[in-house]
Amino acid sequence: MIELRNVAIAYDGHRVVEGASFAVPEGGSFALVGESGSGKSTVLKAIAGLAPEREGTILVDGAPVPPRPTLESARLMQMVFQDPYASLHPRRTVDAALSEPLAIHGLKDRDARVERALRDVGLDRRFRFRYPHQLSGGQRQRVAIARALMLEPRVMLLDEPTSALDVSVQAEILNLLKRLRAERGLTYLMVTHNLPVVGFLCERMAVMQGGRIVEEAPTAALRTGDFATEYARHLHGATGADLMGPDLLEPESVDTAPMETEK
Amino acid sequence: MSELLTIRDLRVSFPTHQGRVEVVKGLDLSLGRERLGIVGESGSGKSMTGRAILRLIRPPGRVTAAEMTFDGQDLMALPERRMRALRGARISMILQDPKFSLNPVMTIGRQIAEALDAHERPSRGERRTRVRQMLERVRIADPDRVARMYPHEVSGGMGQRVMIAMMLIPRPALLIADEPTSALDVSVQAEVLELIDELVRDEGMGLILISHDLALVSRFCDRIMVMAGGEVVESCAAADLRHASHPYTRGLIEAVPRMDETRDWLPVLDRAARAGT
Chain A
1 MIELRNVAIA YDGHRVVEGA SFAVPEGGSF ALVGESGSGK STVLKAIAGL APEREGTILV
61 DGAPVPPRPT LESARLMQMV FQDPYASLHP RRTVDAALSE PLAIHGLKDR DARVERALRD
121 VGLDRRFRFR YPHQLSGGQR QRVAIARALM LEPRVMLLDE PTSALDVSVQ AEILNLLKRL
181 RAERGLTYLM VTHNLPVVGF LCERMAVMQG GRIVEEAPTA ALRTGDFATE YARHLHGATG
241 ADLMGPDLLE PESVDTAPME TEK
Chain B
1 MSELLTIRDL RVSFPTHQGR VEVVKGLDLS LGRERLGIVG ESGSGKSMTG RAILRLIRPP
61 GRVTAAEMTF DGQDLMALPE RRMRALRGAR ISMILQDPKF SLNPVMTIGR QIAEALDAHE
121 RPSRGERRTR VRQMLERVRI ADPDRVARMY PHEVSGGMGQ RVMIAMMLIP RPALLIADEP
181 TSALDVSVQA EVLELIDELV RDEGMGLILI SHDLALVSRF CDRIMVMAGG EVVESCAAAD
241 LRHASHPYTR GLIEAVPRMD ETRDWLPVLD RAARAGT
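Chains as they are written, first to last, in the UniProt record's numbering: chain A, 1 to 263; chain B, 1 to 277.
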């Protein structure tokens with residue numbers, strides 16, 4: 001469904017991503033992980049058609065991604081951002097945010113579609129005519145997901161979709177994303193630094209460092225720490241703080257340096 | 001005296017259209033030279049507790065307490081002038097994002113020196129030495145060069161280490177760290193916390209680590225208080241967290257995806273009792 005072959009991306013002539021290649025099958029869920037500045041979000045933007053200075057091949061549904069988003073590409077793929085406070089227009093109601101893509105694409109039945117979208121993301125209809133500032137963070141992220149789903153895309157590009165949320169709200173949104181994918185056969189490409197979230201939502205992952213993909217692995221490797229590269233093991237070790245894992249059971253084992261916690 | 005900080009019945013409230021709302025509802029706390037973690041989600045009152053200790057809550061916010069004593073001094077009764085002398089020198093605070101806490105137009109060396117000057121009168125030579133030593137202690141490899149740099153020239157992790165240097169140079173007895181690593185990369189987070197931990201142990205200071213991250217806090221603290229809706233719902237030794245009994249604490253633990261995740265769905269907290277999401 002998504003295929004990258006030797007993709008390089010630059011900002012103002014400065015290369016930030018080089019030689020990125022991976023493929024996500026239809027209905028698959030793939031994660032790009034890495035630290036800030038590793039280029040993971042840039043890859044996501046390039047797939048969405050938001051990074052004009054790029055080389056190499058990016059195919060979505062078998063067709064090259066246009067240099068800028070088009071009506072067709074918007075119907076095929078949609079993006080959900082990290083911060084629902086920043087990604088919703090503060091002066092537009094939920095109803096306006098959800099109706100706009102329908103109007104742009106000339107779709108009928110707007111009223112029923114908005115109602116259905118709210119129901120699908122688990123938002124009560126009383127929220128329909130509220131403004132973003134009248135919603136909590138979790139509710140806003142639900143609206144952002146609902147808006148992304150208005151055009152019934154087949155690909156969802158998720159940029160740290162739960163990083164700005166409290167843990168209990170994160171659990172709700174992760175469940176929601178998982179359910180929507182199962183119900184609609186969506187293809188997910190997610191960017192995150194949170195490895196346990198990857199283990200919950202994705203099947204495969206690519207680890208990025210300094211603009212390159214250093215390793216691609218099944219997310220099952222997260223359970224064992226069985227990565228080929230030292231950097232991936234380091235990243236995995238640094239997140240070893242998951243509850244009920246060895247850290248909490250044996251607090252004295254915690255003091256080891258991140259490089260040594262795994263393997 | 002072993003108790004560093006004693007709080008009884010701390011209440012913080014703010015006026016709203018619906019009348020005064022209490023965001024901290026009768027908190028009790030006693031802290032020695034140990035590491036206490038306060039955990040909770042947004043709106044649980046954890047940050048307000050930290051601010052109330054330093055008396056940083058301004059009107060119309062209102063703080064009351066039956067007792068709030070730090071090292072034998074009654075914090076509630078202390079005049080503002082003496083409180084100002086206490087902040088930084090005896091109780092220090094590290095905030096989330098170094099980008100917003102450092103002065104962008106002052107070199108790092110000068111900012112750290114300023115923190116020292118505010119509480120002591122060192123000679124020029126001594127000041128320079130102490131700043132360099134402090135930068136070395138927060139593991140900055142080339143302290144003289146970094147001292148001449150501006151905050152925008154350093155990374156987030158280094159910025160936070162500079163903040164730590166600034167907060168610890170007057171040798172406070174209590175450090176309050178409010179989400180000190182939330183704005184940092186995962187791989188740097190552990191480093192910064194280990195650094196705070198090491199310095200706190202070396203100096204025999206008390207630490208209050210405020211965070212939403214239960215796992216993180218359980219790693220770096222001796223004791224944990226879990227707050228929800230302005231109240232402490234659970235208080236236990238960090239090692240006993242996995243035996244936590246309160247449904248809210250259990251909910252928080254269960255809701256976090258694990259590295260070895262095998263569950264198909266994450267349990268969610270029952271929010272029927274609380275408004276929102």
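Since the hints were derived computationally from the structure, they do not count as laboratory data.
As the structure is a prediction and not an experimental result, all values here were calculated from the model.
Treat the hints loosely; a few may be bogus.
Chain A is faced by these chain B residues, among others (derived, beta-carbon under 8 Å) [to be verified]:
1. Gly72
2. Gln73
3. Asp74
4. Glu179
5. Ala183
6. Asp185
7. Leu252
8. Leu266
Label-pair restraints from in silico Cβ distances [what the hints assert, rightly or not]:
9. B:Arg263 / A:Ile104: 33 to 43 Å
10. A:Glu230 / B:Arg121: 28 to 38 Å
11. B:Arg263 / A:Gly19: 42 to 52 Å
12. A:Ala182 / B:Ala239: 50 to 60 Å
13. A:Gly37 / B:Glu231: 37 to 47 Å
14. A:Phe129 / B:Gly204: 56 to 66 Å
15. A:Ala182 / B:Ala118: 34 to 44 Å
16. B:Thr129 / A:Thr224: 31 to 41 Å
17. A:Thr229 / B:Gly204: 52 to 62 Å
18. B:Lys99 / A:Arg223: 34 to 44 Å
Glycine residues also receive a C-beta, built at the ideal position from the N, C-alpha and C atoms.
Can Gly72 of chain B be said to touch chain A, with a Cβ gap under 8 Å? Not OK, violated: Gly72 of chain B not within 8 Å of chain A, min 33 Å.
Distance restraint evaluation - Thr129 of chain B, Thr224 of chain A, Cβ atoms, bounds 31 to 41 Å: violated, 49 Å
Against chain A, is Gln73 of chain B within 8 Å by beta-carbon distance? At 34 Å from the nearest chain A Cβ, Gln73 of chain B fails the 8 Å test, so the hint is violated.
Within 37 to 47 Å or not, the Cβ separation of Gly37 of chain A and Glu231 of chain B? holds, 40 Å
Could one say that the CB atoms of Lys99 of chain B and Arg223 of chain A fall in the range 34 to 44 Å? holds, 36 Å
Measuring from beta carbon to beta carbon, are Arg263 of chain B and Ile104 of chain A in 33 to 43 Å? holds, 39 Å
Could you check the hint for me, namely that Arg263 of chain B and Gly19 of chain A are 42 to 52 Å apart, CB to CB? Given a distance of about 36 Å, which is not inside 42 to 52 Å, the answer is violated.
Whether the CB-CB distance between Glu230 of chain A and Arg121 of chain B falls inside 28 to 38 Å: violated, 49 Å
Is it true that the C-beta distance of Thr229 of chain A to Gly204 of chain B lies inside 52 to 62 Å, as the hint says? Check failed, 41 Å falls outside 52 to 62 Å.
Just to be sure I understand the hint, the distance between the Cβ atoms of Phe129 of chain A and Gly204 of chain B should be within 56 to 66 Å; is that true here? For Gly204 of chain B against Phe129 of chain A, whose Cβ atoms are near 57 Å apart, the range 56 to 66 Å holds.
Return the status of the interface hint for Glu179 of chain B: holds when the least beta-carbon distance to chain A is below 8 Å, violated otherwise. Result: violated, 12 Å to nearest chain A Cβ.
C-beta pair Ala182 of chain A, Ala118 of chain B: status relative to the range 34 to 44 Å that was hinted: violated, 58 Å
In summary, the numbered hints that this structure violates are 1, 2, 3, 4, 5, 10, 11, 12, 15, 16 and 17.
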